[in-house]
Each structure stands twice: as structure tokens, then as C-alpha cells.
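Residue numbers (the UniProt record's numbering), protein chains in the order written: chain A, 1 to 411; chain B, 1 to 411.
No lab work stands behind these hints: they were computed from the structure.
It is possible that part of the hints are untrue.
[To be verified] Which bits of chain B does chain A cover? Going by a derived footprint, with three or more residues having C-beta under 8 angstroms, they are:
hint, region
1, 17-26
2, 64-77
3, 190-204
4, 282-290
5, 303-310
[Claimed, not checked] Cβ pair distances, simulated, as ranges:
hint, chain 1, residue 1, chain 2, residue 2, range
6, B, A209, A, D87, 40 to 48 angstroms
7, B, E100, A, P139, 36 to 44 angstroms
8, A, H165, B, S72, 42 to 50 angstroms
9, B, E199, A, P139, 39 to 47 angstroms
10, A, E327, B, L175, 32 to 40 angstroms
11, B, G342, A, R406, 35 to 43 angstroms
12, A, I89, B, D87, 53 to 61 angstroms
13, A, D310, B, D317, 34 to 42 angstroms
14, B, K53, A, L381, 44 to 52 angstroms
[To be verified] Pairs of lysine to aspartate or glutamate, DMTMM-like flavour, derived with a Cα cap of 25 angstroms:
hint, chain 1, residue 1, chain 2, residue 2
15, A, K258, B, E100
16, B, K115, A, E212
17, B, K107, A, E221
18, B, K362, A, D288
19, B, K115, A, D223
20, A, K382, B, D310
21, B, K362, A, E294
22, A, K374, B, D310
23, B, K268, A, E306
24, B, K53, A, E407
25, B, K103, A, E221
26, A, K53, B, E46
27, B, K374, A, E306
28, A, K267, A, E407
29, A, K53, B, D60
30, B, K107, A, D196
31, B, K103, A, D196
Here a beta-carbon is modelled for each residue, glycine too, at the ideal position from N, C-alpha and C.
Here is how the chains run, residue by residue.
There are 2 protein chains.
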Amino acid sequence: MHIEILNTGTELLLGTTQNTHGAWIGQELIKLGLRVQRQTTVPDGEPVREAIKESIERADVLIVTGGLGPTSDDLTREATAEAMGIDLIEDEHALRVVVEFFKNLDKYMADSNLKQAMIPCGAEVLPNPNGTAPGVYLPPRLGKGSPCAVFLLPGPPRELYPMYHAEVPHRLKALAELSDDHEMVEMKFTGIGESDFHEALDSPLNAIAGLEVGYCARPSEVDLRLIGPHAAVESARTLVTNTYPDKLISDDGSLLEKVVVDLLAAKKWNLATVESCTGGAVASRITDVAGASEVFTHGFVTYANEAKRDVIGVSEDLLNTHGAVSEQVARAMAQGALETSGADIAVSVTGIAGPGGGSEEKPVGSVWLGIAVKGETPYALKSFYPKDRAAFKLMASQRALDLVRRELRSE
Amino acid sequence: MHIEILNTGTELLLGTTQNTHGAWIGQELIKLGLRVQRQTTVPDGEPVREAIKESIERADVLIVTGGLGPTSDDLTREATAEAMGIDLIEDEHALRVVVEFFKNLDKYMADSNLKQAMIPCGAEVLPNPNGTAPGVYLPPRLGKGSPCAVFLLPGPPRELYPMYHAEVPHRLKALAELSDDHEMVEMKFTGIGESDFHEALDSPLNAIAGLEVGYCARPSEVDLRLIGPHAAVESARTLVTNTYPDKLISDDGSLLEKVVVDLLAAKKWNLATVESCTGGAVASRITDVAGASEVFTHGFVTYANEAKRDVIGVSEDLLNTHGAVSEQVARAMAQGALETSGADIAVSVTGIAGPGGGSEEKPVGSVWLGIAVKGETPYALKSFYPKDRAAFKLMASQRALDLVRRELRSE
Chain A
1 MHIEILNTGT ELLLGTTQNT HGAWIGQELI KLGLRVQRQT TVPDGEPVRE AIKESIERAD
61 VLIVTGGLGP TSDDLTREAT AEAMGIDLIE DEHALRVVVE FFKNLDKYMA DSNLKQAMIP
121 CGAEVLPNPN GTAPGVYLPP RLGKGSPCAV FLLPGPPREL YPMYHAEVPH RLKALAELSD
181 DHEMVEMKFT GIGESDFHEA LDSPLNAIAG LEVGYCARPS EVDLRLIGPH AAVESARTLV
241 TNTYPDKLIS DDGSLLEKVV VDLLAAKKWN LATVESCTGG AVASRITDVA GASEVFTHGF
301 VTYANEAKRD VIGVSEDLLN THGAVSEQVA RAMAQGALET SGADIAVSVT GIAGPGGGSE
361 EKPVGSVWLG IAVKGETPYA LKSFYPKDRA AFKLMASQRA LDLVRRELRS E
Chain B
1 MHIEILNTGT ELLLGTTQNT HGAWIGQELI KLGLRVQRQT TVPDGEPVRE AIKESIERAD
61 VLIVTGGLGP TSDDLTREAT AEAMGIDLIE DEHALRVVVE FFKNLDKYMA DSNLKQAMIP
121 CGAEVLPNPN GTAPGVYLPP RLGKGSPCAV FLLPGPPREL YPMYHAEVPH RLKALAELSD
181 DHEMVEMKFT GIGESDFHEA LDSPLNAIAG LEVGYCARPS EVDLRLIGPH AAVESARTLV
241 TNTYPDKLIS DDGSLLEKVV VDLLAAKKWN LATVESCTGG AVASRITDVA GASEVFTHGF
301 VTYANEAKRD VIGVSEDLLN THGAVSEQVA RAMAQGALET SGADIAVSVT GIAGPGGGSE
361 EKPVGSVWLG IAVKGETPYA LKSFYPKDRA AFKLMASQRA LDLVRRELRS E
């Protein structure tokens, strides 16, 4: 079933308002096992006409948001009726709803609001308990019209969301004659590139009948989506997990920081962080997770050498001999944070975020990460993220969290 | 000039990734006085072909994002070449860039990456310093092709944004034959709501001929865009600055953290941060600014009471008597951070991010912020942000940075 979304609204194209409707409806449709094939945004007014005409030529179902209001550039009802070759008529029920709404609020109703009671002849009126503009549903082949089913829904989220839930899913299910055997799994990986994934997995995954696969690459993370009947999704999940067991962050969509907090909680361990170049980003990601206070007590942002020395006891000697960005200092930072905080595990990050501060030996992007665990010898690993400052911080913090995850899993 | 945006990416229609490119490009075009007439999202693969064909029929300029990668569903280059009737050829420069990229990272290059060097014949290659896939610019009437100019840009924001800035605006200006007397000023404010702005400023700003005004409300921040001829923009800027002198963060688009770092640098002062509920977010924002190391040496994330006591010397007595979220503890944290770090100014944040941990007396969203300055008596202020955890952290960190900004300005 070919489904399209048309979002109308000048503000969406000015960029002052983020268009979240497309993604929101997309996620709702996934729950039904349905996909959006195209999403279009046009400004209020005349461009709506053209866009509706084009979409109903292509689609089985068109969901339109916005343009149901009372002003002159709210053209969605008219444009749809015109495109479908159906007359607009004043709908008694819709009229009553609009009049009642203003009466209940004890508000003056402008005449222009009456426009909202004009409905394509034969269409169903969808009640709007949260606003004045009713929604409209045009079933397929209404009158002598198009085989495309059309939903006209209001733009404001607090009107759209309840109306969608009340009016749309059961009609879509009927239109699509849906099977219940359909699911989606989202797996997150780190420490592997998207193209390596393709080389290793494209052929075996393509061989699984009924499976759809999607990739999404983020800094230091690849998200893999497996969609299809339960059996196909499960055999794909097993295949991928066995191929990259140690690179799998989660297979329920959980973020790395959430996985780390859960692993810490399961072991009843406390984590301490000590950061130079990431400047608090690792601690901030950990504390984004609700319940972090159960497993995280101390974070240190030792941006200057004096902070490394005075706060967590990295020796002046090590700093002078090896420099702040070194294996020795990364180890000493982790061990110092562990001892200062009394945590069970500590992670350190020290590197050169740039744009300044690089040298030939230690170019911008260089980073050392250390891990210290109670009663064990600390160790450190080197990485290199020659990126802009924001990406560097994100990738270095991802690596730091992943080192903690790996350590917790191996313990 | 009719401009369209085409965003490609299955994840954008599944709703797992929010499509922010449309709005972002929309905002960038506004700076040039240009508007987006239509934005379309299609999944990776075949639908890209149809969408490109349709758009170049309608538009003078088409900006495509995504689908430049190495995988089989990355079809943007091919689809564009096909739609424009131009052959794809291996571009020597683009090939060198891809090969160099992997060489510099000391990474194995999969053969599929070579696909990224296939460019429509005669098109310009747009360098991508942050990824493997170069961008492409097809000027109008390339070969015997369409009168529509086409930009092919990468999907990941870290690659898209720098490439856009480097390659797109000057070409658009030339295409649109823009007047030079057109500018945009972006002013950032904090501590005031969007509706207050409207009440105070709508009438006087509307009275300035040729001026366009845009607002964008973010958590604890309102951005005001003034667009128009130089004289109009300047008189608006003066009007707004005089109306809200102390709430103005910047009038050059600078973020609050950048303003704070610049003020610190001008006074040659060091800042220390000590955070409980924001968990490192304040430090991380400060260290997002290049050159932060000149003015920021120590950050403390004292998430647990023991950390407040042991690391920065908040007395057990204060913690027991008043609780961690209190005026007294906020003051003691700031003073403790100041003394422990030897900084000139310190800011503290202690509050209840939720969802747990609230009480009737101190509900979720409560926060105390403290400021300590060398040789002065520390003070603390209360705020309340009853939001989800992420918004709470953002708003509390915004308030903390703004307190530092105000203190530095008043000193």
C-alpha cells in the first residue's frame, strides 16, 4: 500500500518550526507494519492544490496535515475536493461542532470560522475535541473520485495526535487488510563502519525471505533496522549478533549510555569519569539516563594539568615526561579518579580536540582513553578522530562509554 | 527563484530519525532572503529517481541531501545523471579524495567506496573534509540538460553543514542575482518568553519599512532574526537592544557558551564549574568552545553528596541540615569549587532532574544555582524547570551560563 504524507505550512519551510509530523506519523505507521513512501512539505495556499493532485495520482492513501483553519490560506479542504472532483458542502454536523466549540469557550466566533464546516460531499467528518477545525476522511472512490483514500488532519500536534489515534489506525488496517505478523527490531553497533557491515552482511541478510534491512550511520555508531515477519527478523537478529557479538550495543534501541548504566546497576558498581578533551560530555551522557545517580557519584573535568595533578593526583613527573595526552597519563587519570572517588570502575579521556593544540607527534584528533578497575592494573588505548570539535567530543565520549561497556561485560 | 529540497533516506520516513535538514536549509536560505517552495522526503533507492525528475521540472534550484554513500541503495548520483540526461564518469579528483580519506585513517577501503567517485560528466565536485562522499554541483543547462541547478549534498549533518556553508550560498547568490544590500542579523536572548517579545516589539518592528522579522523559541532562549536592507536591520537592532539590554546574549549568532568564554578571556579570568543535576552539561558546553582551555581549568561533577563533601569541601552539616538542593549548599558548592580550583569565578548547579527524587517541598524541576567570585560573598538563586530530563538539563545549564555572563558583565 503506497502511503504519502503531505504537510502544509509556510513555517515548516522557513525552518522556524521543525516538521515533526512526518517522523511522528512514520513511527505510528511502522507499528501497523506500514511505510510512508513519500513525505512532502508545501507552504500554505496555492501550492497545496498541485501537491494534492500529484499525490492522489500516485498513492493509495494520502494523509494531509494542516490548512484546515479559517484563514484565506487554509486551502486543504477546497484543494482536496477540487482534486477529487467533489463539491464542498456545508456539513450540518461540522457546523454544529464549530459553533459549540466557541460557545463552550464563551468566545466570539469570527464568520471565517464557518469555512471550517465546508466538507467534501460524502466525506466523513472526524471530530476534533481539541480545536475548532474538524478532520475529514474521504474513502477510496468517493463519488466518481480517485481510488486514493485521503485523511485531512489538523496541524497543531495537540489536535493532530489525538485525532490520529482515534480515527486513522483502524481505517488504515481495513484498507491494507493487514496481517499481524510484522515487527521491527533496531540494533545499535559501535566500533565498525557502515561499509564493513555491508560487505559482511548484505548477502546473508538478503537471503532471508521477507526481511527488509535498513542502515543508519551516526558518528561512531551504526544502527541496523530489521523489519518483516517474526521468523525472518529473529533469524536475522541471530545472524547479526553472532557476526559482531562484541560490537553490539543493544537490540532494543537503547542508547550506549543507557546500556552502561544498566550494566553498572546489575553489578552494583559505581562509575567515575575523568575527562580532559571531552570536557564533561561523558559525565553528561551518563547523567542523561534516569537513575544514573544509583551508579554514578563523581565526575572530574580536569581540563588543565594542574587539575589533573591537584584533584586526582596525577604526578607532575608523568605530566612533564610524557605530556597530558599519553598512555601513562590516561592510566594515571583513571586510577586517580578511581581512588579519589572510591568507585569500582573509572574511565579517563585525554586528547586534543582542536582546532589548536596539535603537534606533528600528537596531531589534532589524538586521544588516549584509560580504564581502571578496583584491584586491577589500569590500562589505556589510543584512538584518533580527526574531526571538528563537536564530532571529536562525541566520538571520544562514545569510545569511552564503549570501553566501560566492554569492561563490564568481560568482568 | 523556485527552490526545492529533496531529502533521501528510508530512516527519515520510518520516523526513527527526525528530518532536521529541511528546516536547517530553510533557515540558511532565509539568511539570503530566499525561500523553499517545496520539500520532499523519499526512501533510499528507486523512489529517488522519480522525485528528482519531478523536482527539476518545477524548480530553478534543487538541493538534494543523502544517498551519496557506497551502498546499493545510494542512488542520488545515478538518478540525477539519468534525470538530467548526463553520463556518470569516474572523476579523478573525487577518486583521489576517497582513496586519501581511507589512507589517512589507515583504514581498509571497501571496493564499494569507489562508487563515490562516479560523478555526472561536467559537474563540479564539492570536497567533503568530514567524510568519504564528495558532494556534486550541476550548474543550470549542464550539457543539453535541465535549466535547474542541482546540489547533491551528503546526509550526515557533520558532513552536510560544513559543505553547505563552503559551497552553496555563493552559488545561490549568483543564481538569484541577489542585491548586496540585504543582510540578516540573528540576536539571541535568554530570560524572556516569545510572547512577551511579540507584545513589546511587534508594532514597532512592523513599522520599519523593508524589515522581515522571524522568531525562533528554544528552551530558555529566543532567537530573533532581522532581515532586510542594512538601514532597516540596524534600526531594528538598536530598538531591540535598547528594549532588552540585559537579556541580550549576542547579536552575531554566538551561542551563550561562546559569549561566556569570550568575556572570561577578556578579563583573563578562570571559570570553575560544579554540577550535580546537570551532570557535566555546563562544563561540556563551555568546552564546546574552541579556546576554552584558556579560561577553564577545573570542572566537578559532584553527583553524590559524598562527592560534594570530599572533593570540594561542602560540610556534612550543611548537607544534612538543608539537603543537597538548597541555597546554602549551592553557595557552598560554588565557594568550594572556587577554592579547590583557584579559579576567579565558579558556578554551581544542584537540583532535581527527575523523573524520581522529587518531594512536595522540592518537586522535580527545582534547582539552585550558586555564584562565587574571588574575594566576594557567594550567592545563590532558585529556578524551576518542570520538564523532561533532557530539557531540564538544557535549561538549568543555560541559566548557569547566563548567571556567569551577567556576573562578568557587572564586574
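For each hint, the structure was consulted:
Counting residues of the region 17-26 of chain B whose beta carbon lies closer than 8 angstroms to any beta carbon of chain A gives 9, which meets the minimum of three for the stated coverage. Closer than 8 angstroms: that is the beta-carbon criterion, and the region 64-77 of chain B has 4 residues meeting it against chain A, so the requirement of 3 holds. Given as covered by chain A, the region 190-204 of chain B fails the check, having 0 residues with a CB less than 8 angstroms from a CB of that chain where 3 are the minimum. Evaluation of the coverage hint for the region 282-290 of chain B: fulfilled, as 7 residues show C-beta separations to chain A shorter than 8 angstroms, against a requirement of three.
Coverage of a stretch by a chain is defined here by at least three residues with a beta carbon nearer than 8 angstroms to that chain's beta carbons; for the region 303-310 of chain B and chain A the count is 5, and the condition holds. The given range of 40 to 48 angstroms is respected by A209 of chain B and D87 of chain A, whose C-beta atoms sit roughly 44 angstroms from each other. Checking the proposed 36 to 44 angstroms range against E100 of chain B and P139 of chain A shows it is violated: the Cβ atoms sit about 58 angstroms from each other. Here the CB-CB span from H165 of chain A to S72 of chain B is close to 37 angstroms, at odds with the stated 42 to 50 angstroms.
A beta carbon spacing of about 46 angstroms between E199 of chain B and P139 of chain A agrees with the range 39 to 47 angstroms that was offered as a hint. Distance hint for E327 of chain A and L175 of chain B: a CB-CB separation of about 53 angstroms, inconsistent with the stated range 32 to 40 angstroms. Roughly 37 angstroms separates the CB atoms of G342 of chain B and R406 of chain A, a value that falls within the hinted 35 to 43 angstroms. Separation of I89 of chain A from D87 of chain B is about 55 angstroms and conforms to the stated range, judged on CB atoms against 53 to 61 angstroms.
Look at D310 of chain A against D317 of chain B: about 25 angstroms separates their beta carbons, and that is not inside 34 to 42 angstroms. Checked against the hint of 44 to 52 angstroms, the C-beta distance between K53 of chain B and L381 of chain A comes to roughly 49 angstroms, which is consistent with it. Restraint check for K258 of chain A and E100 of chain B: the C-alpha separation of about 36 angstroms exceeds 25 angstroms, so the hint is violated. For a cut-off of 25 angstroms, the pair hint linking K115 of chain B to E212 of chain A stands: about 23 angstroms separates their Cα positions.
Only pairs whose Cα atoms come within 25 angstroms are accepted, and K107 of chain B paired with E221 of chain A is accepted, the gap being roughly 17 angstroms. The hinted pair formed by K362 of chain B and D288 of chain A meets the criterion: a straight-line CA distance of about 20 angstroms does not exceed 25 angstroms. Between the alpha carbons of K115 of chain B and D223 of chain A the distance comes to roughly 22 angstroms, so the proposed pair stays at or under 25 angstroms and holds. Between the alpha carbons of K382 of chain A and D310 of chain B the distance comes to roughly 31 angstroms, so the proposed pair goes past 25 angstroms and is violated.
For the hint linking K362 of chain B to E294 of chain A, the alpha-carbon distance of about 20 angstroms falls within 25 angstroms, and the restraint holds. Taking the CA atoms of K374 of chain A and D310 of chain B, the gap is about 19 angstroms. The hint holds against a cut of 25 angstroms. Taking the CA atoms of K268 of chain B and E306 of chain A, the gap is near 17 angstroms; set against the 25 angstroms cutoff, the hint holds. The straight-line distance between the Cα atoms of K53 of chain B and E407 of chain A is roughly 52 angstroms, outside the 25 angstroms bound, and the hint therefore fails.
Between K103 of chain B and E221 of chain A, the direct Cα distance comes to roughly 21 angstroms. Compliance with the 25 angstroms bound is thereby established for this hinted pair. This hinted pair checks out: K53 of chain A and E46 of chain B have alpha carbons roughly 22 angstroms apart, not beyond 25 angstroms. Restraint check for K374 of chain B and E306 of chain A: the C-alpha separation of about 19 angstroms stays at or below 25 angstroms, so the hint holds. Only pairs whose Cα atoms come within 25 angstroms are accepted, and K267 of chain A paired with E407 of chain A is accepted, the gap being roughly 12 angstroms.
For the hint pairing K53 of chain A with D60 of chain B, the CA-to-CA distance comes to about 21 angstroms; that is within 25 angstroms, so the pair holds. At most 25 angstroms may separate the alpha-carbon atoms for a hinted pair to count; K107 of chain B and D196 of chain A meet this at roughly 11 angstroms. Note on K103 of chain B and D196 of chain A: the hinted pairing holds, with a Cα-Cα distance of about 16 angstroms set against a maximum of 25 angstroms.
In this structure, the hints that do not hold are numbers 3, 7, 8, 10, 13, 15, 20 and 24, in rising order.
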